[in-house]
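2 protein chains.
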Amino acid sequence: MSDLASSACEACRIDAPRVSDDEVSLLIKEIEGWDVIDDGVKKLKKEFSFSNYSDSIDFSNKVADMADKEDHHPQIILEWGKVTVVWWSHKIKGLHKNDFICAAKTNEISKN
Amino acid sequence: MSDLASSACEACRIDAPRVSDDEVSLLIKEIEGWDVIDDGVKKLKKEFSFSNYSDSIDFSNKVADMADKEDHHPQIILEWGKVTVVWWSHKIKGLHKNDFICAAKTNEISKN
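Chains as they are written, first to last, in our numbering: chain A, 1 to 112; chain B, 1001 to 1112.
Hints are not guaranteed to be accurate.
[Said to hold, decoys possible] Derived DSS-like pairs: lysine-lysine, alpha-carbon spacing no greater than 27 Å straight-line:
{"#": "1", "chain 1": "B", "residue 1": "Lys1093", "chain 2": "A", "residue 2": "Lys82"}
{"#": "2", "chain 1": "B", "residue 1": "Lys1045", "chain 2": "A", "residue 2": "Lys82"}
{"#": "3", "chain 1": "B", "residue 1": "Lys1029", "chain 2": "A", "residue 2": "Lys82"}
{"#": "4", "chain 1": "A", "residue 1": "Lys93", "chain 2": "A", "residue 2": "Lys42"}
{"#": "5", "chain 1": "A", "residue 1": "Lys82", "chain 2": "B", "residue 2": "Lys1043"}
{"#": "6", "chain 1": "B", "residue 1": "Lys1042", "chain 2": "A", "residue 2": "Lys45"}
{"#": "7", "chain 1": "A", "residue 1": "Lys43", "chain 2": "B", "residue 2": "Lys1043"}
{"#": "8", "chain 1": "A", "residue 1": "Lys62", "chain 2": "B", "residue 2": "Lys1046"}
{"#": "9", "chain 1": "A", "residue 1": "Lys62", "chain 2": "A", "residue 2": "Lys43"}
{"#": "10", "chain 1": "B", "residue 1": "Lys1082", "chain 2": "A", "residue 2": "Lys97"}
{"#": "11", "chain 1": "A", "residue 1": "Lys45", "chain 2": "B", "residue 2": "Lys1045"}
{"#": "12", "chain 1": "B", "residue 1": "Lys1069", "chain 2": "A", "residue 2": "Lys62"}
The hints are simulated quantities; they were obtained by calculation from the structure and are not laboratory data.
Chain A with its partners taken away, still in its complex shape (with noise of 0.2 Å):
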């Protein structure tokens, strides 16, 4: 399990830093397959593939579970045959450390 995924998520206040963009570039690493993507806000996204829609419900419901836990939640986008997760920091309108943890934490989820 990496760094990222053993860490807690941290109180996001509004006044939070975002991370900056070189640290994005060093966290983005850590987070196999995630894509930052940008819609007027930065946030983290990955497609998740599942061969029946079973396996993508309870995807879908570990990554709440875990989500409701570190109360940060994420978009959960599931359909048949993929689920896909995007996590941002709504308080700050972008990209928080939280959120790069909370990506990790679902590709462990991912992996089980």
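Starting from the known structure of chain A, fit chain B onto it as the hints suggest.
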């Protein structure tokens, strides 16, 4: 329960007819709160609001269960405070009566 909500999906083949614009105008009246969107493919979309995350997870799972029983799978977007459900028929790249049936069933689930 509406007639739509008590109907079952029929098998949708690649040569099945799309619902005509006139039919859409009639059927949309039977599914409260749903909008037709067009992102290149016509789809039915509705947002459902929740005051806590566990209720939104529970709703997502009930919609996914219904979808699997009907063998017709929507896009379910789970976020904190809301779940967005989008129905369309992949095989015909548009709207089939099945989508209105499943939208009506989704409304029934939201009332329980």
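message: Holds or violated: Lys1093(B) and Lys82(A), Cα atoms, limit 27 Å.
response: Roughly 18 Å separates the two Cα atoms, so the pair holds.
query: When you check the alpha-carbon spacing of Lys82(A) and Lys1043(B), does it fall within 27 Å?
result: With Cα atoms ~19 Å apart, Lys82(A) and Lys1043(B) stay inside 27 Å; holds.
- prompt: If you draw a straight line from the CA of Lys43(A) to the CA of Lys1043(B), is it 27 Å or shorter?
  reply: holds, 25 Å
task: Sort out whether Lys82(A) lies within 27 Å of Lys1029(B), counting only the CA atoms.
output: Not OK: Lys1029(B) and Lys82(A) at ~31 Å, beyond 27 Å, violated.
- prompt: Do the alpha carbons of Lys93(A) and Lys42(A) lie within 27 Å of each other, as the hint requires?
  reply: Distance of about 8 Å is within 27 Å: holds.
message: Tell me if the straight-line CA distance from Lys45(A) to Lys1045(B) falls inside 27 Å.
response: Given that 27 Å is the threshold and the Cα spacing comes to 22 Å, the pair holds.
- request: Quickly compare the C-alpha distance for Lys1045(B) and Lys82(A) to 27 Å and report which way the hint goes.
  value: Cα-Cα ~19 Å, so holds.
Restraint check for Lys1082(B) with Lys97(A), where alpha carbons must lie at most 27 Å apart: This hinted pair holds, its Cα atoms lying about 24 Å apart.
task: Could you grab the alpha-carbon distance between Lys1042(B) and Lys45(A) and see if it respects the 27 Å cut-off?
output: Measuring from Cα to Cα gives roughly 25 Å; hence the hint holds.
- request: Please work out if Lys1069(B) and Lys62(A) have their alpha carbons no farther apart than 27 Å.
  value: holds, 22 Å
query: Lys62(A) and Lys43(A): Cα distance at most 27 Å?
result: Roughly 20 Å separates the two Cα atoms, so the pair holds.
27 Å limit on alpha-carbon distance, applied to hinted pair Lys62(A) and Lys1046(B): holds, 24 Å
Of the numbered hints listed earlier, the single one contradicted by the structure is hint 3.
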